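Peer 1: Taken in order, these protein sequences are the chains called A and B. Per our numbering, the first sequence starts with residue 12, numbered consecutively. Per our numbering, the second sequence starts with residue 16, numbered consecutively.
Do not take every clue at face value.
Unchecked claim - Using 25 Å as the maximum straight-line C-alpha spacing, the simulated SDA-like pairs for lysine to any residue come out as follows:
hint, chain 1, residue 1, chain 2, residue 2
1, B, K263, B, G241
2, B, K286, B, Y87
3, A, K50, A, N274
4, A, K209, B, I43
5, A, K237, B, F105
6, A, K127, A, V70
7, A, K300, B, T65
8, A, K50, A, S27
9, B, K346, A, V70
10, A, K237, B, K346
11, B, K263, A, S27
12, A, K78, A, K142
13, A, K251, B, T82
14, A, K142, A, G75
To be verified - Example chain A residues on the side facing chain B (calculated, C-beta under 8 Å, incomplete):
hint, residue
15, L62
16, T64
17, I192
18, V226
19, L279
20, L319
Hints listed in this document are in silico derivations from the structure and should not be mistaken for laboratory results. Owing to the predicted nature of the structure, the values given are computational and were not obtained by experimental measurement. All C-beta atoms in this analysis are idealised placements derived from N, C-alpha and C, irrespective of residue type, glycine included.
Spelled out from the first residue to the last, the chains are:
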Amino acid sequence: MIASARSPLVWVVHLSVILLVLLWTLPTAGLLISSLRDKDQLAVSGWWTALSTSTQSLVYRAPGAEKQVEKDGKFVISGNLLEGQSTGQVSAFGFNSREPATFQPGQTADLSDGAKLTVQADGTFEIVSDKAMEGTRGQRIFYTAAVPPRFTIDNYIEVMRAEGIGASFINSLTVAIPSTIIPILVAAFAAYALAWMKFPGRAILIAVVVGLLVVPLQMSLIPLLKLYNGVGAFLGVPAKTYVGIWLAHMGFGLPLAIYLLRNYMAGLPREIMESARVDGASDFDIFVKIILPLSFPALASFAIFQFLWTWNDLLVAMVFLGTGNDSLVLTGRLVNLLGSRGGNWEILTASAFITIIVPLIVFFSLQRYLVRGLLAGSVKGG
Amino acid sequence: MQQLLFAVTTMAAGVLACVAYFYGTNWILDRIFPSKGLTGKVASRNLRITNTIRPWLFLGPAMVSLTIYLIYPVIESVWLSFHDKSGQTFVGISNFKWMINDGEFRQSIYNNFLWLLVVPAAATFFGLIIAALTDRIWWGNIAKTLIFMPMAISFVGASVIWKFIYDFRPEGSEQIGLLNALVVAFGGSPEAWMTLPFWNNFFLMVILIWIQTGFAMVILSAALRGIPEETIEAAVIDGANGLQIFFKIMIPQIWGTIAVVWTTITILVLKVFDIVLAMTNGQWQSQVLANLMFDWMFRGGGDFGRGAAIAVVIMVLVIPIMIWNIRNAAKEMEGR
Numbered sequence: 012m013i014a015s016a017r018s019p020l021v022w023v024v025h026l027s028v029i030l031l032v033l034l035w036t037l038p039t040a041g042l043l044i045s046s047l048r049d050k051d052q053l054a055v056s057g058w059w060t061a062l063s064t065s066t067q068s069l070v071y072r073a074p075g076a077e078k079q080v081e082k083d084g085k086f087v088i089s090g091n092l093l094e095g096q097s098t099g100q101v102s103a104f105g106f107n108s109r110e111p112a113t114f115q116p117g118q119t120a121d122l123s124d125g126a127k128l129t130v131q132a133d134g135t136f137e138i139v140s141d142k143a144m145e146g147t148r149g150q151r152i153f154y155t156a157a158v159p160p161r162f163t164i165d166n167y168i169e170v171m172r173a174e175g176i177g178a179s180f181i182n183s184l185t186v187a188i189p190s191t192i193i194p195i196l197v198a199a200f201a202a203y204a205l206a207w208m209k210f211p212g213r214a215i216l217i218a219v220v221v222g223l224l225v226v227p228l229q230m231s232l233i234p235l236l237k238l239y240n241g242v243g244a245f246l247g248v249p250a251k252t253y254v255g256i257w258l259a260h261m262g263f264g265l266p267l268a269i270y271l272l273r274n275y276m277a278g279l280p281r282e283i284m285e286s287a288r289v290d291g292a293s294d295f296d297i298f299v300k301i302i303l304p305l306s307f308p309a310l311a312s313f314a315i316f317q318f319l320w321t322w323n324d325l326l327v328a329m330v331f332l333g334t335g336n337d338s339l340v341l342t343g344r345l346v347n348l349l350g351s352r353g354g355n356w357e358i359l360t361a362s363a364f365i366t367i368i369v370p371l372i373v374f375f376s377l378q379r380y381l382v383r384g385l386l387a388g389s390v391k392g393g
Numbered sequence: 016m017q018q019l020l021f022a023v024t025t026m027a028a029g030v031l032a033c034v035a036y037f038y039g040t041n042w043i044l045d046r047i048f049p050s051k052g053l054t055g056k057v058a059s060r061n062l063r064i065t066n067t068i069r070p071w072l073f074l075g076p077a078m079v080s081l082t083i084y085l086i087y088p089v090i091e092s093v094w095l096s097f098h099d100k101s102g103q104t105f106v107g108i109s110n111f112k113w114m115i116n117d118g119e120f121r122q123s124i125y126n127n128f129l130w131l132l133v134v135p136a137a138a139t140f141f142g143l144i145i146a147a148l149t150d151r152i153w154w155g156n157i158a159k160t161l162i163f164m165p166m167a168i169s170f171v172g173a174s175v176i177w178k179f180i181y182d183f184r185p186e187g188s189e190q191i192g193l194l195n196a197l198v199v200a201f202g203g204s205p206e207a208w209m210t211l212p213f214w215n216n217f218f219l220m221v222i223l224i225w226i227q228t229g230f231a232m233v234i235l236s237a238a239l240r241g242i243p244e245e246t247i248e249a250a251v252i253d254g255a256n257g258l259q260i261f262f263k264i265m266i267p268q269i270w271g272t273i274a275v276v277w278t279t280i281t282i283l284v285l286k287v288f289d290i291v292l293a294m295t296n297g298q299w300q301s302q303v304l305a306n307l308m309f310d311w312m313f314r315g316g317g318d319f320g321r322g323a324a325i326a327v328v329i330m331v332l333v334i335p336i337m338i339w340n341i342r343n344a345a346k347e348m349e350g351r
């Protein structure tokens, strides 16, 4: 519009947009790449070096004395430091943690108990001793190795199994799906009433809905927690149940749902409804047979919003579902892992990616409705 | 799995119950006050009665739900804020007195103020710039999608993403956090960013800006496209350059939308909780109101009085925007 297409300014525009896009996508890209890296490599080098060979300081514990073999009157334990990795180069080694890189490959180190340790550049090692070695704990070998890049889905397998991400994934689905579907009908009927039916107090009700749009959730937490505890005690059921959180999500989602749907329905042409009414259709018929099908785009917009919001929510789940190990949703689990596994980036990155993958799929496949909903859902200004 | 089945069943039951309610009540209403097939006074009287009742049947479930989950809690929270930790004894304004003298609360207010100052401004600014730039290039939509994407990511997920960027290793060892790696590459020394009082607030804000810019961009981009071509053409004919057109012709025409974006993000900032909880949990002087409130809800068995008082403070901060929104919505409806 402003710069003509051939002006050099266009290149400035292209470049700045590329820069901005990079700024906005690199963080997520880093997470994804890291989650797929080998965990030892991830711990010692940045994800931007993922494709280059990395130099790592590693520890290997040799097999215990039961693995020794007698050979020419000497006792030998042998193996490969780099086992399980296809290629690699050992550049230095040592046998205690204070001097992990004293020896060059091919050199022989004298261990304290008279044994000798030799490590070759390709990772093969030999511990040789004149007398039989004892003890079940093997010798620790410290080494520095150049390891080629390695990508793996082991991190994902580990978090799904051991860190409870799998169970939390199910919990998140359990929370999000009904919380998304149940409010739709309730909101749609209310929206129709507010858009097309005439009754005293309609304007006030609309104002109330607009006002409730911005009420901070924090206002609801304590009273509802008390209410839930009371109801739970009265009925003799636990206070923290899925039913409770579904209803809570429905209550919190309704203002936006009603507002969005009312705006949309109010924009539908009046003639359709009038002609149906002339034909003798009641409000109920009009709503079910005409308005509801026509409102599909708005319903879809709301459903996407509500799904993203309930899936990504942490606060409501923590308060109304609790922080017990069995009831944690993905976001809650991730916060827990941040506390307990703060340094284990292979676990954090893989877990985080699992929690964001579902919203991302929803986002990329239904972006059109999301944008439409955003445009209709923000209160229009002056 | 079983649990998921339970969820789907309940969902089906819930939807069916909704259908049954709406269908059933309407059916009953039409039975008691029939108007079809009747003529004359009875029919018109019945029609009038059903037309009076039916809106409330339609609104019923939504109103009950809104009352229980939003309206009643607001009133109850205000009530609780004048009571002690168990909500039994009336303590007057002592919760608020405590608040004013509490260092942590004052820290939170101060930090929230910083957030309010920076995040809406930055997100709106970037959103506007990106909207204006991407409108002019052929791959603008792809760029927009990518910048919009963080919107779908949870605050906790985003926190992990950024915590990874801010990751700190002692000087001398290889940095795996992008920020420290850059700092080291340019000859600086690495910092544990999250533990720097005052500045850590800004590192947390970056996360929310990163998420919200997409929202601002989408809304502002639509507004920019809605500007009548003639106004821009007229400016071009008068010899205005690109920057002049942008600042003097386009921006003034979308002030309303900018205000909407700004206030929407402002509300979000007041409620920001997940990011602070996940990144620092209020340590190193990065506490904010919403996290402090959550803290007091459960601290020492839960202090409902103080928690509610902090919630009331958040609510009071939101009220001006709420009134502004209601007035705008009312104005808009009059135009219909």
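Peer 1: Does each hint fit the structure? Answer for all of them.
Peer 2: These are the hints, each one checked on the structure:
no. : hint              : verdict
1   : B:K263 <-> B:G241 : holds (16 Å)
2   : B:K286 <-> B:Y87  : holds (20 Å)
3   : A:K50 <-> A:N274  : violated (51 Å)
4   : A:K209 <-> B:I43  : holds (21 Å)
5   : A:K237 <-> B:F105 : holds (17 Å)
6   : A:K127 <-> A:V70  : holds (18 Å)
7   : A:K300 <-> B:T65  : holds (19 Å)
8   : A:K50 <-> A:S27   : violated (35 Å)
9   : B:K346 <-> A:V70  : violated (71 Å)
10  : A:K237 <-> B:K346 : violated (38 Å)
11  : B:K263 <-> A:S27  : holds (22 Å)
12  : A:K78 <-> A:K142  : holds (14 Å)
13  : A:K251 <-> B:T82  : holds (20 Å)
14  : A:K142 <-> A:G75  : holds (15 Å)
15  : L62               : violated (15 Å)
16  : T64               : violated (14 Å)
17  : I192              : holds (5 Å)
18  : V226              : holds (6 Å)
19  : L279              : violated (12 Å)
20  : L319              : holds (6 Å)
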